[in-house]
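Taking the numbering used here, the leading residue of the sequence shown gets 84, the next gets one more, and so forth.
Hints listed in this document are in silico derivations from the structure and should not be mistaken for laboratory results.
Where is the CB? At the ideal position from N, CA and C, for every residue including glycine.
Honestly, I wouldn't trust all of these hints.
[Said to hold, decoys possible] Now the in silico label distances, taken between C-beta atoms and shown as ranges:
1. E224 / P280: 14 to 22 Å
2. S254 / W203: 33 to 41 Å
3. R151 / D355: 22 to 30 Å
4. E332 / W203: 18 to 26 Å
5. G165 / G190: 30 to 38 Å
6. G225 / V167: 32 to 40 Å
7. S252 / E166: 34 to 42 Å
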Amino acid sequence: MQNVETSQTVNPFALPADRGALTPAEARAMFRSGLAVPTAGWSRGYAQANLMIVPRELAFDVLLFAQRNPKPCPILGVLDAGEVTGPLLAGGDIRTDVPRYTVYLDGQKVAEPTYISEYWRDDLVTFIVGCSFTFESALREGGISVAHIDQNVNVPMYKTNVRCEPAGSISGPLVVSMRPIPASRVADAVRITSRYPAVHGAPVHVGNPAELGIGDLGRPDFGDPVQIPEGHIPVFWACGVTPQAAVMESRPALAIGHAPGHMLITDARDSDYLVP
């Protein structure tokens, strides 16, 4: 198979005026029709999720990796080998209902298709992993703006020098997402997001990116850079792209994830993952 990107962004129709007002089923139908855009701000009130799809022979290692690294890898659900739908996407299809995927062969990204039907096998197990997009509505409702939504770009994500706890054949670095927060509101951002432990919870780091081994915030490993306004501090949350960084390092024969920032919009409510 050639080492190429197999698809370009498809925009078969105009984006809805209010993407946040779409139901998850409506959003998934648009992605199934070929729309490929980041999902931050879509379907307000509904949880978004990362994906990691691996052959059954690797599934236990992935499950153990997630158990040992719950901050970046909080599992919301699992589809058994060959299953393409489940309670988190009722009536949907995991092969078509994410706006864009990443396909890895021997740890190398070979494609970012809008569908993965051609790669699908009956032995593939799907892990649905919590995403920090889920708590962004709570941040905005609390009066804290979210830069990548305001700037209409993908969230910036960075590989760090923090090592995850390995499991079996799987090992790799922690990946973080970054949101600039006004210095006076950092404590509020920590408090708000800490109430969502199933979708990464409180930040893992506040302030100096060099302490995480990040040399240049303007050059994220995944996603897009954002402008950091005056008086704002970079705040870093554990990120569900971490399993993909582990795949790139551990080099399994086949693995499939979402394209960073292009999430599965689930039927679960954000409030389902809110703790008192």
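Subject >> Violated constraints from the hint list, given by number and in increasing order >> reply: Per hint list: 2, 5 and 7 violated.
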